[in-house]
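Chain A is already provided as a structure; the job is to place chain B on it using the hints.
The chain contents come next:
2 protein chains.
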Amino acid sequence: MSRSPRAALVCVGSELLAGQVNTHQAWLSLRLRGAGFDVVGESSVPDDAAAISAAIRRSLKAADAVLVCGGLGPTFDDLTREAAAAALGRTLRLDPGLWARIRARLRRDRACVPEENKRQAFVLSGAKVLSNPNGSAPGQMIAARGKTLALLPGPAPEMCPMFQRAVLPALRRRHALGIFPAAFTARLSGVPESVADERLAPVRARWPRARFTILTAGGEVSFHASLTTGSPAEARQARAAVRRDVLAAVGEFAHGEGEATLESALGARLKAKGLSLAVAESCTGGLLGERITAVAGSSDYFRGGVIAYANDVKVRRLGVPARLLARHGAVSEECARAMARGVRRAVGADLGLAVTGVAGPGGGTKTKPVGLVFVAAAGPGRKEAARRLEINGPREAVRQRAATAALRFAFDQV
Amino acid sequence: MSRSPRAALVCVGSELLAGQVNTHQAWLSLRLRGAGFDVVGESSVPDDAAAISAAIRRSLKAADAVLVCGGLGPTFDDLTREAAAAALGRTLRLDPGLWARIRARLRRDRACVPEENKRQAFVLSGAKVLSNPNGSAPGQMIAARGKTLALLPGPAPEMCPMFQRAVLPALRRRHALGIFPAAFTARLSGVPESVADERLAPVRARWPRARFTILTAGGEVSFHASLTTGSPAEARQARAAVRRDVLAAVGEFAHGEGEATLESALGARLKAKGLSLAVAESCTGGLLGERITAVAGSSDYFRGGVIAYANDVKVRRLGVPARLLARHGAVSEECARAMARGVRRAVGADLGLAVTGVAGPGGGTKTKPVGLVFVAAAGPGRKEAARRLEINGPREAVRQRAATAALRFAFDQV
Chain A
49 MSRSPRAALV
59 CVGSELLAGQ
69 VNTHQAWLSL
79 RLRGAGFDVV
89 GESSVPDDAA
99 AISAAIRRSL
109 KAADAVLVCG
119 GLGPTFDDLT
129 REAAAAALGR
139 TLRLDPGLWA
149 RIRARLRRDR
159 ACVPEENKRQ
169 AFVLSGAKVL
179 SNPNGSAPGQ
189 MIAARGKTLA
199 LLPGPAPEMC
209 PMFQRAVLPA
219 LRRRHALGIF
229 PAAFTARLSG
239 VPESVADERL
249 APVRARWPRA
259 RFTILTAGGE
269 VSFHASLTTG
279 SPAEARQARA
289 AVRRDVLAAV
299 GEFAHGEGEA
309 TLESALGARL
319 KAKGLSLAVA
329 ESCTGGLLGE
339 RITAVAGSSD
349 YFRGGVIAYA
359 NDVKVRRLGV
369 PARLLARHGA
379 VSEECARAMA
389 RGVRRAVGAD
399 LGLAVTGVAG
409 PGGGTKTKPV
419 GLVFVAAAGP
429 GRKEAARRLE
439 INGPREAVRQ
449 RAATAALRFA
459 FDQV
Chain B
49 MSRSPRAALV
59 CVGSELLAGQ
69 VNTHQAWLSL
79 RLRGAGFDVV
89 GESSVPDDAA
99 AISAAIRRSL
109 KAADAVLVCG
119 GLGPTFDDLT
129 REAAAAALGR
139 TLRLDPGLWA
149 RIRARLRRDR
159 ACVPEENKRQ
169 AFVLSGAKVL
179 SNPNGSAPGQ
189 MIAARGKTLA
199 LLPGPAPEMC
209 PMFQRAVLPA
219 LRRRHALGIF
229 PAAFTARLSG
239 VPESVADERL
249 APVRARWPRA
259 RFTILTAGGE
269 VSFHASLTTG
279 SPAEARQARA
289 AVRRDVLAAV
299 GEFAHGEGEA
309 TLESALGARL
319 KAKGLSLAVA
329 ESCTGGLLGE
339 RITAVAGSSD
349 YFRGGVIAYA
359 NDVKVRRLGV
369 PARLLARHGA
379 VSEECARAMA
389 RGVRRAVGAD
399 LGLAVTGVAG
409 PGGGTKTKPV
419 GLVFVAAAGP
429 GRKEAARRLE
439 INGPREAVRQ
449 RAATAALRFA
459 FDQV
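Chains as they are written, first to last, in our numbering: chain A, 49 to 462; chain B, 49 to 462.
A few of these clues could be false.
Copies of one chain are not kept apart here, so a pair can be met inside one copy or by any two copies together.
Said to hold, decoys possible - Under the rule of at most 25 Å between Cα atoms (straight-line distance), these lysine to any residue pairs were calculated in the SDA-like manner:
1) K109 with A97
2) K416 with R257
3) K195 with L78
4) K414 with G345
5) K321 with G377
6) K414 with A302
7) K416 with P122
8) K414 with S324
9) K166 with T264
10) K195 with R106
11) K321 with G410
In case anyone wonders, no lab produced these hints; they're calculated from the structure.
No experiment lies behind these values; they were computed from the predicted model shown.
Okay, chain A solo, but in the shape it has when bound (with noise of 0.2 Å):
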């Protein structure tokens, strides 16, 4: 087994130390850790050139990949582009071709090109120039001394498919040859992380070369191995092997296995029985249809729904019957269940799904605490199905979980 390849992170932006969360960071070790290699260290710097050359060059020394996101915009304190040079001992030049195609794609959003935007046409000798579809800043690749270096742009719509379409690849053939990582990532919901990780605690032991994560966020799990190989045949083999192990410890919760999100799994069920949905929210304000509606082609199975924030728009639009809200109140297993049947109806789909409860911080009481929250689904036959959920963090974790609840409760009853 040889030495994995070594990457290191430059994570740029004054914005990273001055309260703005950093996702790259997480996002691209995930995804290099699966590829093979070892992410020995980030660092944030801020919009300083002295500060970004400084952290390329040491990153440098310690990895055999750097990735620098961010400083690549059009505006003064974008500075990766000179602060990279710098470190390497190279120099910028204008690429004229480069120019012509951003101004080109400015000319399609706005009347006049700001003059600035020329800074994002200047190219390290050397580098290769990495397209940007979705945005101005094109980003940059340049090998040096067996060591690969590649500039990608701060905005995580840019930055992501750009590493993943043209950075990756690279990257791999250049480090990883002969290295053949088998990673296994299983997608579980409906378990606490507590739980999940002592179930695998014997998969973890089973495997003592192999690297193991387990991390959580807005109610789901999802637990990551990685291990090295030397050749593709042994890396399907210790793939499968893992997968069997770990589904077998925690399988009942997976509703997915690699990038496989809740609602995609929700979605390719319903696609496959031909069924259609709907849903009612209260609490969630909207965001169970925003992430249903976040998997592309969602309409082949998402009609639409109601949000029925107010009492009276329950009764009006979803048909809860005033006296049931009398008598058991907006947050109640009952109420979530007509607000199934009544969004199933006013839709027309085979599924309804609901959920109502209490956000917070405010509206809690003894009986119906902040964080309580309901449940339901119903189908075709009056087959109806409902749940009670006790959920504790602030108003933001209230409503993800709850909505994450809902999507796996639908999950379940498909």
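Okay, now just chain B, sitting in the frame of chain A:
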């Protein structure tokens, strides 16, 4: 005016280089900056003594105060104590009193105290022990050659209160005596980042000693200004003067200041005028409602809405005429206006706000390409307005920017 004191962060933990999002960086940066510190850098390092030690040494050179989070647990891979001792050239010694306190705390929770926990009672010579009411890992703080090094536990529920209670006051006393920070943030929408940046260039020139950051996300732009002054009065004056200059340059795009979000600014305006709101969403699928209801207390003005993803839901639930759909299509100004009128009636609100568009990646045509979005608002007395947008980017960006444009549109109408 004195120089701002400098702070640097070291985040310890292999999980931070394997997919776990680093939230300490943003949390600590914001609070340090608010106290007048310049946060000059952050490093994430794995559970490796040499890497931790190198990061501490490097950070102590660059900053007056260095905060290290994580690696203070009891297990073999908790190496921050040893690494800090090596970085400072100091010894670690067992503090018997501290060991007794740790044992006493652990005995509350379990039958036997693992010998491993003894590692947590080793203290850097000359360091002050910081008690941890929320966990077994005590913190440490040490002054060395005019600098301060603080070691903090990794879990947020332990780290955050320890920082607020013991570390920040000490850092202010030691490094920020007589420094009074002035900060102003303008929140902008309905303007591209490059245009805002160009307009703000004269403000930056007028304040050469201030620091500025311009950030963009989901179609919103925020502009942060901060400078340090020598007295509370000077700080108040500087803030007012910067604020005046910024608003003179980009005031018409500002929806708020400080932490105000676009959705909270819209909510405040609706509340002030006693108006209620309803939404009709097609391509955003619930995102608009989700963002509006992310604001605690939004039930004061938000009544609900209809997610009309399928065309017949637009007809049946929003009363969009089938002939209108046949003639103009669902992605049209006419349809957006009919949706806004329809949801206003269906839900019973003063203002109806609608979005329809092509989010992509599929569904685009030559005349109606991906990114074409219409927003419309309908108010009392047949008052109506609509706007056409062409948004570049992938599905998620189109949806986010469409929702932002709709919120800004409503903000301007109210």
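Let me make sure I understand: some of the numbered hints might not hold for this structure. Which ones are they, in numerical order? The structure conflicts with hints 2, 5, 6, 7, 8, although it agrees with all the remaining ones.
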